[in-house]
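So the chains spell out like this:
Number of protein chains: 2
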Amino acid sequence: MTNEVRTAGRVQAGVRTGEALVAGPCRRLTPVILAGGSGTRLWPMSREQFPKQLIGIVGRDSLLQATVARLKGFGGDFEVAAEPIIVCGEEHRFTTEEQTRESGVDARIIVEPARRDTAPALTLAAFRAMADGQDAIMVAMPADHSIADLPALHRAIAIAAEHAERGVIATLGIPPTRPDTGFGYIRLGDALEEGAHRIERFVEKPAAELAAQYVAAGTYWWNSGIFIVRASVWLAALQKLNADMYAACEAAAREGEDDGKFFRPQAAQFGRAPSDSIDYAVMEHIGTANRPCDGVVVPLVAGWSDLGSWDAVWDAMDKDDSGNVASGRVVFEGATSSYARSEGGRLVACVGTTNIVVVETDDAVLVADRSRVQDIKGLVARIREQQAPEADTHRKVRRPWGFYDSIEHGERFQVKRIVVSPGSKLSLQMHHHRAEHWVVVCGTALVTRGEDQFLLSENESTFIPLGVKHRLENPGKVPLEIIEVQSGSYLGEDDIVRFDDTYGRS
Amino acid sequence: MTNEVRTAGRVQAGVRTGEALVAGPCRRLTPVILAGGSGTRLWPMSREQFPKQLIGIVGRDSLLQATVARLKGFGGDFEVAAEPIIVCGEEHRFTTEEQTRESGVDARIIVEPARRDTAPALTLAAFRAMADGQDAIMVAMPADHSIADLPALHRAIAIAAEHAERGVIATLGIPPTRPDTGFGYIRLGDALEEGAHRIERFVEKPAAELAAQYVAAGTYWWNSGIFIVRASVWLAALQKLNADMYAACEAAAREGEDDGKFFRPQAAQFGRAPSDSIDYAVMEHIGTANRPCDGVVVPLVAGWSDLGSWDAVWDAMDKDDSGNVASGRVVFEGATSSYARSEGGRLVACVGTTNIVVVETDDAVLVADRSRVQDIKGLVARIREQQAPEADTHRKVRRPWGFYDSIEHGERFQVKRIVVSPGSKLSLQMHHHRAEHWVVVCGTALVTRGEDQFLLSENESTFIPLGVKHRLENPGKVPLEIIEVQSGSYLGEDDIVRFDDTYGRS
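For the record, the sequence lines run as chains A and B. In terms of full-length UniProt numbering, the first sequence has 432 at position 432, counting the first letter as 1, and numbering is strictly consecutive. In terms of full-length UniProt numbering, the second sequence has 315 at position 315, counting the first letter as 1, and numbering is strictly consecutive.
Please keep in mind that the hints were generated in silico from the structure rather than gathered at the bench. A quick note: this is a predicted structure, and the numbers were derived from the prediction, not measured. There may be inaccurate statements among the hints.
Claimed, not checked - With beta-carbon atoms standing in for the labels, derived distance ranges:
| no. | chain 1 | residue 1 | chain 2 | residue 2 | range |
| --- | --- | --- | --- | --- | --- |
| 1 | A | 405 | B | 452 | 31 to 39 Å |
| 2 | B | 219 | A | 378 | 48 to 56 Å |
| 3 | A | 378 | B | 176 | 40 to 48 Å |
| 4 | A | 334 | B | 205 | 19 to 27 Å |
| 5 | B | 499 | A | 405 | 35 to 43 Å |
| 6 | B | 422 | A | 452 | 36 to 44 Å |
| 7 | A | 334 | B | 218 | 29 to 37 Å |
| 8 | A | 149 | B | 371 | 34 to 42 Å |
| 9 | B | 422 | A | 503 | 41 to 49 Å |
| 10 | A | 387 | B | 218 | 50 to 58 Å |
| 11 | B | 490 | A | 503 | 36 to 44 Å |
| 12 | B | 321 | A | 266 | 35 to 43 Å |
| 13 | B | 490 | A | 457 | 15 to 23 Å |
Where is the CB? At the ideal position from N, CA and C, for every residue including glycine.
The following block holds chain A by itself, in its conformation from the complex (with noise of 0.2 Å):
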């Protein structure tokens, strides 16, 4: 990665100030994206233990690939690093990391030690963009939206990042198309070229009268949640308005440990930091007398949804003549502006409903008025007082080596699929009150059994007595499926005792 700063074509943009055309320190961008998000609004197939930004809602693509995706062809005239940074939650890194790695990114995976909401998270970014010498501009955006229009973004992006550049705080507005109550308001100030304007100041969610009176105004667009800014600027601004996060954050990154995949932020340091937002944190003091700099908001007209309910999951897809959209095994009979889904792989017929929202998944159906997707996260708080394992875990369970799928459980046995991805191994572990039969279906198994070492095919099977040592492994270049029959008194995941791990957590 070289320093040089390229200038062609900026000329007009260093015009309009009257300035000469100086480059900063630094004419490069750093993609941050923000994927520590535990979003139960799209229960049940969002939950805390794999949530929304590592699934795929509008593609094949998990919504932290699509963001991935989406760096391509970004930055304008602006050099941009090959590595962005994602900052993502501890139960979600193997993924967070399986997943862009196969999107063909090498990334910097920030693992935050507790959930602070997004100022912290951007702060910590912030530290590890300073931490290679470069002051580089962050374009930070959230790992969970979608975004149609590629090429809107990108030139948008590209506007924003000549504002921060000069030491302001820029973000993209959506021109609203709706009174939408879920979403902050930012209120145009002066206006700037090419659509941008100084932001006048953050509005919070307002009310569905103040809604439509900001739509009729033309003078508020919605705030994207994506924000391109200095890294330096940005610490700057959280350092004046927030002292106590800034030394918190400061001390985390500086404290923390790279094992060349993760970076670890001290966890005590870090536990210190207040929980924020940024736009609560930074964005809402701008235009006020306590502002930290400046911001500019430039118009992002590409497609853009936060994906923030089902009801917005419905809008942002292409639709049916009866405005029914259809995900899977799906049967409309006389249904109008319905949303189905199924993921389970169940046949969903819906008849003669209107404006309703059905997703289906392995262990759970939420049927729902669109009207009223916002008590989701009620719901999940009080299926979680009841201890009902559908708020936060999927049947299927990703593990580092691969994942399982509990698909049958009776009194005394349980039936798993267990799926090892190549190269992969889980841990030498025994178990005290159960007994296993593996069944290979696919691909080729190295069983550790006792003192015995010994190879399955497809088709073959082996019989692990209870309290005996046993290791899984798949030596192949295909994935390993197995079936596993469980046979015993009592079978919870807590009955494994761990003698070695591969992945640290024995």
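Mind docking chain B on chain A? Use the hints.
Relative to chain A, chain B alone:
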């Protein structure tokens, strides 16, 4: 069974007509349960392969079992045949027999060789009732209705039977509580004692406006589908009105075979019977110039429902304060007047729904507006055309020896849970394209594999290679439960060569 005539307490009935209370040839009632329905209106729970009457729609017992249970305390002063007659379809005979036996009732089961609607079914029953030399009064009732107040039902039947004894066709009528367009109506003629009326005429399902007039007039009752008629009276009426049907059923009954468990009418003869309902074939002629005999309708106010749609099921159930009905793992969040049922064990959550029906099963989910449930029939026809297996078959498949459930499948494997009833055995069989692993998770299996025979207990397993003759048998006293992992290039149910079968299927 004696032929004794009991007359105590029947003086009053005799008084009315001024006749001496002389019993007819037989004061004997024979319950006839019409269990040949294949209702798709309660899809996805009710399917051709395992229809409504065999399922616990409103309680734990199936509707057939609830119907059988209604026979207790039945008959008033009449002698009641110990063995009711049940008419069912070929594919449901084992389950019909099993469920009846479970209910502690020995039934004479007539297996219809083809589906011909209710008139031929009742005619077969009439010939069987005549066959024992007695001209019993048939109390014919559908197997798939619900009736809350049994004493009220029993009283109504006793009254109707007194009329039937005198050679009229009696029916139970439901004084209407709403202008339902889903029922036929009966126009009341002269009042008789105990609330009964002569039947003036039968009226087909009316349009909404007409239905409202009927209800307002107070002189129309719903047709309950319960008929009380002496066998000879029915046969004479049918002979007069539809000689072809009469002749076909007479020959089918005469040439039929009784194997001790099932009576099988001669198929080719029965095949000649035109398909028609009791209403069309006979009842609608009552009150016309062509009438075969008089008709009497006796009121039934007993919490009757034909459970003819999910809306009717919702209507028949107790509701919470918001008008919701839940069955199984269901959570309502701000829902009103909704019906939700989790049959496959998944958590079903309804958020803000109004007048919505949700029915979740192992392989399908129905979501319907309560006012549009009549469209389910069309839906099922549509998915049948698309050859979706969910149209007619359940994932869990009943067999005379127990059942199997296909819990998972992949490209080259399938996992089944197989439950074998105590003392039962599957056929001796062989597959050309698949091998099978069996793991016993409950009970004891007697396994035949090639020339070997051996026992397997819980937590033991065996392997059946492709092409090897095998048989699975439960020699024990508790259900045998195994997990079968099939592996091979073709896994269809039709890859089976049967060598010997207890149930006559080889």
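Tested hints:
1. Taking 31 to 39 Å as the suggested C-beta distance range, the pair residue 405(A) and residue 452(B) conforms, at roughly 34 Å.
2. For the pair residue 219(B) and residue 378(A), the supplied restraint of 48 to 56 Å holds, since their beta-carbon distance comes to about 51 Å.
3. At about 41 Å, the beta-carbon gap between residue 378(A) and residue 176(B) stays in the expected band of 40 to 48 Å.
4. At about 20 Å, the beta-carbon gap between residue 334(A) and residue 205(B) stays in the expected band of 19 to 27 Å.
5. For residue 499(B) and residue 405(A), the hinted distance range of 35 to 43 Å is satisfied, since their beta carbons lie about 36 Å from each other.
6. Judged by the Cβ atoms, the range 36 to 44 Å given for residue 422(B) and residue 452(A) holds: they are separated by roughly 38 Å.
7. Look at residue 334(A) against residue 218(B): about 35 Å separates their beta carbons, and that is inside 29 to 37 Å.
8. Taking 34 to 42 Å as the suggested C-beta distance range, the pair residue 149(A) and residue 371(B) conforms, at roughly 41 Å.
9. Between residue 422(B) and residue 503(A) the beta carbons are some 47 Å apart, a value that agrees with the proposed interval 41 to 49 Å.
10. For residue 387(A) and residue 218(B), the hinted distance range of 50 to 58 Å is satisfied, since their beta carbons lie about 54 Å from each other.
11. Against the hinted window of 36 to 44 Å, the Cβ-Cβ separation of residue 490(B) and residue 503(A) comes to about 39 Å, which satisfies the hint.
12. Evaluation of the 35 to 43 Å hint for residue 321(B) and residue 266(A) yields a failure: the beta carbon distance comes to about 53 Å.
13. Checked against the given bound of 15 to 23 Å, the beta carbons of residue 490(B) and residue 457(A), roughly 20 Å apart, stay inside it.
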